[in-house]
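Here is how the chains run, residue by residue.
There are 2 protein chains.
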Amino acid sequence: MRILDTKNFSVPGYKAWGIHCGIKKTDKKDLAIIYSDREAAVAGVFTKNRVKAASILLDMARVRSGKGQAIIANSGCANACTGKQGLTDARATAEIAARELGIKPEAVYVASTGVIGEFLPMSKMATGISTAVGLLSTFGWEQAAEAIMTTDLYPKISIVQEEIGGKTVTIAGIAKGSGMIHPNMATMLCFIVTNANISGPMLKKSLLASTESSFNNITVDGDMSTNDLILCMANGAALNKRPVAGGKDSKKFQVCLDTVARSLAKQVVKDGEGATKFVEIEVRNARSPVEAKRAAMTVAKSSLVKTALFGEDANWGRIMAALGYSGVEMDEARTDIFIGKSKLVEKGLGQGKHADREATLALKQREVQIIIDLHKGKASATVWTCDMSCEYVKINAAYRS
Amino acid sequence: MRILDTKNFSVPGYKAWGIHCGIKKTDKKDLAIIYSDREAAVAGVFTKNRVKAASILLDMARVRSGKGQAIIANSGCANACTGKQGLTDARATAEIAARELGIKPEAVYVASTGVIGEFLPMSKMATGISTAVGLLSTFGWEQAAEAIMTTDLYPKISIVQEEIGGKTVTIAGIAKGSGMIHPNMATMLCFIVTNANISGPMLKKSLLASTESSFNNITVDGDMSTNDLILCMANGAALNKRPVAGGKDSKKFQVCLDTVARSLAKQVVKDGEGATKFVEIEVRNARSPVEAKRAAMTVAKSSLVKTALFGEDANWGRIMAALGYSGVEMDEARTDIFIGKSKLVEKGLGQGKHADREATLALKQREVQIIIDLHKGKASATVWTCDMSCEYVKINAAYRS
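Residue numbers (my numbering), protein chains in the order written: chain W, 1 to 401; chain U, 1 to 401.
Incorrect hints may have been included.
No distinction is drawn between identical chains; accordingly, a pair holds when it is met within one copy or between any pair of copies.
With a straight-line Cα cutoff of 27 Å, these simulated DSS-like cross-link-like pairs (lysine-lysine) come out [to be verified]:
{"id": "1", "residue 1": "K394", "residue 2": "K364"}
{"id": "2", "residue 1": "K124", "residue 2": "K353"}
{"id": "3", "residue 1": "K204", "residue 2": "K28"}
{"id": "4", "residue 1": "K343", "residue 2": "K124"}
{"id": "5", "residue 1": "K270", "residue 2": "K124"}
{"id": "6", "residue 1": "K394", "residue 2": "K353"}
{"id": "7", "residue 1": "K347", "residue 2": "K48"}
{"id": "8", "residue 1": "K394", "residue 2": "K266"}
{"id": "9", "residue 1": "K394", "residue 2": "K270"}
{"id": "10", "residue 1": "K378", "residue 2": "K124"}
{"id": "11", "residue 1": "K241", "residue 2": "K25"}
{"id": "12", "residue 1": "K84", "residue 2": "K343"}
{"id": "13", "residue 1": "K7", "residue 2": "K248"}
{"id": "14", "residue 1": "K25", "residue 2": "K251"}
{"id": "15", "residue 1": "K25", "residue 2": "K364"}
{"id": "16", "residue 1": "K104", "residue 2": "K7"}
{"id": "17", "residue 1": "K353", "residue 2": "K24"}
Rather than coming from a laboratory, the hints here were simulated on the basis of the structure.
Kindly produce the complete structure, drawing on both the sequences and the hints.
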């Protein structure tokens, strides 16, 4: 597997673009299109929030066919909590795009991100879609990645190549994140495309596995969105021999998809709203994988841990307190905590000023690793999060204005 | 029942005081004593965090006797995650106080709040306890309430009187809160005393009921502390006839205790770290009381809802999203949301600019009421929280320094 540069890349058989059509009050891009020149296998992962955006409801119905050819995504308006009108607008968006692209409406998936409770400006959408279709380009991925951003500071792109079934297969993805990032909901939006020739069921299974080890291991603020969505298209343009389940090629494909999904998930956390640090939290020797992940996530979600990380303060007591209320089997007197290379806590006790100073130095870095050893079993889990800064509060206090 | 002024009050049979003994780096008070001139019935509610401070472990053992006579509380050091040394220090604190007061060590309860993972400075504690015992005063409650503060901006006190069993009974409480405030953990520290003559079992039952309708309905930041504790003493100095279970007097006592506990709980939320607003969230017509509370608490805990409240932004989509991931049975298309008197959402849909403007005006007040009607059943619940401000992040980024 080769990890490619994200500048000016292309994926055989696909075009993409992004423009400003007027949904956002600023002049930033707010409409993205992804198009496959032939019908592709499509798999999706959708928010588990009971309140689902119109786009999610539409896509959940469409993905049952396992097929599709285009994605229209807008930022600036979530088209969530918009009732029947919202569903009508989502359907109309797909119809307009289908007409412009000359394909069936059922082959078009839609995605929205932005303010909840507002209606899509449909005449702007119609003009925008027509313009964007005219501009579709093999090298339009950066434009598309920009057009799905909301409070994101930079576009998130990942691309890898691998030899599968005798051909070179490319897998590329774009994502947006920033706020309302929490496991079991994909991230806000993520689109992955590949020219691999792969069956629909295998694509679905691979995508679920990749999601579990990537987007479901991150948290920014513990809030689960109404619009989260991962869509993955495989159009077969590589003309490779189809990987068979359990075979070498299917494993290679899984590794590629995992790599792209994990890279995008980490980029989402690094660009978390107001984030100044990327934090990896690993829990070792928990009783079960579920408990390991729950312990890690509880620490990752704690506002007190996150503000201490922002303050570069090795306040391990807050980590211990979070473990204590995580509901996971743990024993303070067995627990070790490392920050960076510093063993800050051994068997539940602080290791003194030297360890504290070393941990504080590690906390001054842009990337921080925290390891928690529960000494209770053999299971481990790793999650990624960011710190919580004043900027997070400022961004979210003013989001709609 | 009469609600009394919190200035210069006394509770017959009790003395209290608070001093600075040198645990805090500043010259602020950090040691409080509460003393009953005779043995009292004692009941307690303790943090459910698996990681428990030494003081909690000691008090949990002592409260089994249902009796006690004094409380020593320090701020500035939590004496949590301090292993065997921590337990030795907690026990020694009680012994020093017992010697100075001339009572049994088992009659002394201890409480600590502050930084986790540091040891109590025992020589300062010894000198401090001796000084504080010498200063004990009938009118020392404000000093005691100040001495248990950490990042609190003001002391929290509540006092009521009622005729019970033919005598005037006083119930007074002091509390501290601020950060790490979350249900199922009492608040950080709360001490309630009464001169009522009441049985130990009835005191315990009443305290549990009061906690459920007060401290277990508040959240500041969703973090559960290792040190949370409510202790309630009843020394019988009023010489009233003992209330019998289910009788008029036991109900009167419950109302008094509820009033004191709820007043203190609300004061804790109003003084939440960095809080600029006191927010009451009521969920109506949920399927069950458990679901009503869960829905209300999920909204109350959401960082995105709390930052929107800070920004005085009627961003009801975030409330709907939180309801959607609360795990509670709800249907977007049935849900109404009110902020203040403004019906912002009816049957899942925003009610337009006028409703938005009215809600925004309500959000500009210091106290905000949010009502959510799920139209799913008949159960309701009310919880109290505060907004999340930049100040919250600043306080917690710098807490140890």
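Here is how each hint holds up against the structure:
For a Cα distance limit of 27 Å, the shortest separation of K394 from K364 qualifies both inside one copy, at 23 Å, and across copies, at 17 Å. Taking identical chains as interchangeable, the C-alpha atoms of K124 and K353 lie at most 27 Å apart only when they sit on different chains, with a minimum of 21 Å there against 61 Å within one chain. In the homo-oligomer, the alpha carbons of K204 and K28 never lie at most 27 Å apart, since the shortest distance is 33 Å inside one protomer and 61 Å across protomers. Taking the closest pair of Cα atoms, K343 and K124 never come within 27 Å of each other, the shortest separation being 57 Å inside a single copy and 30 Å across copies.
Taking the shortest alpha-carbon separations for K270 and K124, neither the intra-copy value of 32 Å nor the inter-copy value of 45 Å comes in at or below 27 Å. Taking the shortest alpha-carbon separations for K394 and K353, only the inter-copy value of 24 Å comes in at or below 27 Å, while the best intra-copy value is 34 Å. For the homomeric pair K347 and K48, the shortest alpha-carbon distance between copies (21 Å) is at most 27 Å, but the shortest distance inside one copy (38 Å) is not. With identical chains, the CA atoms of K394 and K266 are at most 27 Å apart both within one copy (23 Å) and between copies (26 Å).
Taking the shortest alpha-carbon separations for K394 and K270, both the intra-copy value of 18 Å and the inter-copy value of 21 Å come in at or below 27 Å. With identical chains, the CA atoms of K378 and K124 are never at most 27 Å apart, being 55 Å at best within one copy and 44 Å at best between copies. For a Cα distance limit of 27 Å, the shortest separation of K241 from K25 qualifies neither inside one copy, at 48 Å, nor across copies, at 71 Å. Taking the shortest alpha-carbon separations for K84 and K343, only the inter-copy value of 20 Å comes in at or below 27 Å, while the best intra-copy value is 56 Å.
Taking the shortest alpha-carbon separations for K7 and K248, neither the intra-copy value of 30 Å nor the inter-copy value of 78 Å comes in at or below 27 Å. Taking the shortest alpha-carbon separations for K25 and K251, neither the intra-copy value of 45 Å nor the inter-copy value of 59 Å comes in at or below 27 Å. For a Cα distance limit of 27 Å, the shortest separation of K25 from K364 across copies, 25 Å, qualifies, whereas the shortest one inside one copy, 37 Å, does not. Within a single copy, K104 and K7 get their C-alpha atoms no closer than 32 Å, and across copies no closer than 76 Å, so neither meets the 27 Å cut-off.
Proximity of K353 to K24 under the C-alpha cut-off of 27 Å is restricted to the inter-copy arrangement: shortest distance 19 Å between copies versus 51 Å within a copy.
In this structure, the earlier hints numbered 3, 4, 5, 10, 11, 13, 14 and 16 are contradicted, and the remaining ones agree with it.
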